[in-house]
Structures are given as structure tokens and as C-alpha cells.
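Enquirer: Sequence:
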Amino acid sequence: MKRARIIYNPTSGRELFRKHLPEVLMKLEQAGYETSCHATTGAGDATNAAAIAVERGYDLVIAAGGDGTLNEVINGIAEKPNRPKIGLIPMGTTNDFARALHIPRDIEKALDIIIKGDTIPVDVGRMNEKYFINIAGGGRMTELTYEVPSKLKTVLGQLAYYLKGIEMLPSFKPTHVRIEYDGKVFEGEVMLFLIGLTNSVGGFEKLAPDSSINDGLFTLMFLKKTNLAETIRIISLALRGEHLNDPHLEYIKANHIKVMSPEMVQLNLDGEFGGLLPAEFQNLYRHINVFAPLDQLRKEDRVDEDKNVVLKNSIIDDEDQENPA
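Each step along the sequence shown adds one to the number in our numbering, with nothing skipped, and position 238 is 238.
Mixed in with the good hints there might be a few duds.
Unchecked claim - Cβ-Cβ distance ranges computed for the label pairs, FRET-style:
1) Q282 to D304: 21 to 27 Å
2) N245 to T41: 43 to 49 Å
3) T41 to L244: 38 to 44 Å
4) E187 to D59: 45 to 51 Å
5) K206 to D304: 20 to 26 Å
6) D112 to P278: 24 to 30 Å
7) G57 to E205: 22 to 28 Å
8) K2 to N245: 44 to 50 Å
9) D304 to K109: 24 to 30 Å
10) E108 to A51: 26 to 32 Å
To be verified - No farther apart than 27 Å at their CA atoms in a straight line, the calculated lysine-lysine pairs in the DSS-like style are these:
11) K130 to K109
12) K85 to K116
13) K184 to K206
14) K206 to K27
15) K173 to K224
16) K258 to K184
17) K225 to K258
18) K206 to K173
19) K253 to K184
20) K253 to K224
21) K2 to K109
22) K253 to K173
23) K206 to K224
24) K184 to K116
25) K184 to K225
26) K225 to K109
27) K2 to K80
28) K109 to K27
29) K184 to K224
30) K173 to K85
31) K85 to K130
32) K130 to K27
33) K2 to K27
34) K85 to K225
Honestly, the hints are just simulated from the structure, not real lab data.
All values reported here derive from a predicted model rather than from experimental measurement.
Don't be surprised by glycine CBs; every beta carbon is placed ideally from N, CA and C.
Construct the entire structure; sequences and hints are all you get.
Expert: So, in C-alpha cells, the structure goes:
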């Protein structure tokens, strides 16, 4: 019999998952899984629980919670040589990674995807000694997601982020950075930088429309220094997917990125505080297998040979830049 370990955040999604846990356990048992569960107790607990699940040889780890819970689970298994498959039951506020994979918020439907058994390999980002599955970023604007109290998110949902964003707008200011990406360099002032693995950021699915979850490449975006009015204008364009040609925005594909700054710049990893610059980002190609509804994935996220060629060429170009003749 296969073995599954559920790691769930009891406070996510207005605490609905805990109420449905008996039915979830019954369905997994009927599907042939010997299942146990772990309720997280605080920051870092899901990482420890996931690492223990790997050591004990579980075939499947199910993350039931928001983007933060999934991030912790990924950090518990990403560095291990024998990584279990990952199932996802999205119970958070934005659920960016679940959106990218078209995994519904309905507990029963998300569980059915896991039970069906179809998986897809996905890239994982490594930032220094930490990992992320969806987005990394820096700059005052990216601090929004972890400055919203969890209780407020539980009560207000996505509205909590909008209210906090309006409150923080006057404090947005540029930061001087040096960004090295695949042998190229940008140095100057930016309002923020984002390093994405999927098309969904902050619940908005048009920010990185051509991104892929498994092509070995990050989508690197940075907004150059602008005034408050211009910043608001570009954000409004981004929400509609009309921002890519704006001269204030750089939109780049890269496999290896370094970011440095003389200032103290906080980092955001999958919506949580991720430390401070400097940071080095590496894309770990198709590092983890995740259960997903394959027939609903965007063409950019499906596995095909063309992506292998793109990645190979990118790596060759990177090596040529680092080792010129």
C-alpha cells in the first residue's frame, strides 16, 4: 500500500480543511493510500514535517494550506535526493501555484486530482540556501504579502492585501541594485524586482503570461525608478496584462540570477519573508513532480521536447558568457 502524509495549516481558508479531514482520510484510504496527517503549529513547522516525511519514505506529501504552507513543504523536500510526489489542496488567500496548475479551491475536487494520479514535473527556485515554488522578489512593494496579519487574511481574504497595499503606497521608494542574469548586468534604481516560476503572481495571472512551470527559466521583471503616479499606472497595466512593452519595465528570461544592493533590501519568497540581499537564484529544472489536471494546463506548462532545446541553448549561452574565447 502506498503511504501519504498530509501537512495542513489549521488556520488557512477559514479553518475549513480541518472540518473536512475525516472525509479526506476516507477517500485516500479508498484510493489505496495509508494516510496520516500533521497540523502545523507555527513558522517552519511544515518544513520539518516534510523533511521527516521524506526520511520515513512516504510516497506522497499533500500540502493543504496557502502559498506559505506549500513553500515550507517544498523547503523540507527540495534538497533531498529521494523526493516524494506533491499533492496540493489550496486553502490560502491567493493560492498562486494552485492557480497556475488549475487546481481548484474545492477540497473534494482538488483531492480527486491527486487520486487520479497524473503528475507533471515543475521547476523549483533556489535562493541561497532556501527554495521557492512560485515567486521571489525584493523592494518595498514586495513586503506587502507578509505584512498582512494572518487573522486579517482569514477574515477578509484577498481584500486584506488590497487594503494594505493602499496603506503602503506612499512609502514605496526606489532601491539601488545590481542584477546579473545569464552573463548580462543591470545596475540602477528599481521600485521592485520579481523572479517568477509561474504565470500567477498575487492572484493575477497576466503578469508573466508566457512563463512556464517546467522550462528551466525564470521570468525576471524589474520596475525602474518611477514616481508614485507612474507606479500606479504601470501596476494597473500589469493587472490587465498590458505592461510588457512599458519602457519602465524590464521583462527577461534567465536561468541564473544574482542581485546585490548597498542598501538593506528584504526578500519575499512565495509571499513570506525570505531574508536580505545579496541573493543568488538558480532554477532547478523539473525538480519536483506535482499532481495536476494535465488536460487543463496551458500549453506553456505542458512537457514537450521544445523546452529541452530552449533550456539547453540557454545554458550554452550562459557558459559562453562566463567563459569567452
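Enquirer: Indicate, hint by hint, whether the structure satisfies it.
Expert: How the hints compare with the structure:
In this structure the hint that Q282 and D304 lie 21 to 27 Å apart at CB holds, the actual value being about 23 Å. Between N245 and T41 the Cβ separation comes to about 47 Å, which falls inside the hinted range of 43 to 49 Å. The beta-carbon spacing between T41 and L244, approximately 42 Å, falls within the hinted interval of 38 to 44 Å. Taking the beta carbon of each, E187 and D59 are about 47 Å apart, inside 45 to 51 Å as hinted.
Restraint check, K206 to D304: a C-beta distance of roughly 23 Å satisfies the suggested window 20 to 26 Å. Distance hint check: the CB atoms of D112 and P278 are about 44 Å apart, inconsistent with the given range 24 to 30 Å. Between G57 and E205, the C-beta spacing of about 36 Å breaks the proposed range 22 to 28 Å. As the Cβ distance of K2 to N245 is approximately 49 Å, the hint placing it in 44 to 50 Å holds.
At roughly 27 Å, the beta-carbon separation of D304 and K109 lies within the given 24 to 30 Å, and the hint holds. Look at E108 against A51: about 29 Å separates their beta carbons, and that is inside 26 to 32 Å. Taking the CA atoms of K130 and K109, the gap is about 31 Å. The hint is violated against a cut of 27 Å. Only pairs whose Cα atoms come within 27 Å are accepted, and K85 paired with K116 is accepted, the gap being roughly 13 Å.
At most 27 Å may separate the alpha-carbon atoms for a hinted pair to count; K184 and K206 meet this at roughly 26 Å. With a C-alpha separation of about 35 Å, the suggested pair K206 and K27 falls outside the 27 Å cut-off, and the hint is violated. Between the alpha carbons of K173 and K224 the distance comes to roughly 11 Å, so the proposed pair stays at or under 27 Å and holds. Our distance criterion of 27 Å between C-alpha atoms is met by K258 and K184, whose separation comes to about 10 Å.
Annotation: proposed proximity of K225 to K258 holds, straight-line Cα distance about 19 Å (limit 27 Å). Proposed proximity of K206 and K173 is supported: the alpha carbons are some 24 Å apart, at most 27 Å. Restraint check for K253 and K184: satisfied, since their Cα atoms lie roughly 12 Å apart, inside the 27 Å limit. Of the pairs offered as hints, the one joining K253 and K224 holds, with about 17 Å between alpha carbons and a cut-off of 27 Å not exceeded.
For the proposed pair K2 and K109, the alpha carbon gap of about 21 Å is at most 27 Å, so the pair holds. For the proposed pair K253 and K173, the alpha carbon gap of about 25 Å is at most 27 Å, so the pair holds. For a cut-off of 27 Å, the pair hint linking K206 to K224 stands: about 20 Å separates their Cα positions. Note on K184 and K116: the hinted pairing is violated, with a Cα-Cα distance of about 44 Å set against a maximum of 27 Å.
Using a Cα cut-off of 27 Å, the hinted pair K184 and K225 holds, with the two alpha carbons roughly 20 Å apart. Distance restraint check for K225 and K109: the Cα-Cα separation of roughly 44 Å exceeds the 27 Å cut-off, and the hinted pair is therefore not satisfied. Of the supplied pair hints, the one linking K2 and K80 holds, its CA atoms being roughly 20 Å apart against a limit of 27 Å. Proximity of K109 to K27 is assessed by CA-CA distance (about 12 Å); at most 27 Å being required, the pair is judged to hold.
The hinted pair formed by K184 and K224 meets the criterion: a straight-line CA distance of about 17 Å does not exceed 27 Å. For the hint linking K173 to K85, the alpha-carbon distance of about 41 Å lies beyond 27 Å, and the restraint is violated. With a C-alpha separation of about 19 Å, the suggested pairing of K85 with K130 holds against the 27 Å cut-off. Between the alpha carbons of K130 and K27 the distance comes to roughly 34 Å, so the proposed pair goes past 27 Å and is violated.
For a cut-off of 27 Å, the pair hint linking K2 to K27 stands: about 14 Å separates their Cα positions. Restraint check for K85 and K225: not satisfied, since their Cα atoms lie roughly 42 Å apart, outside the 27 Å limit.
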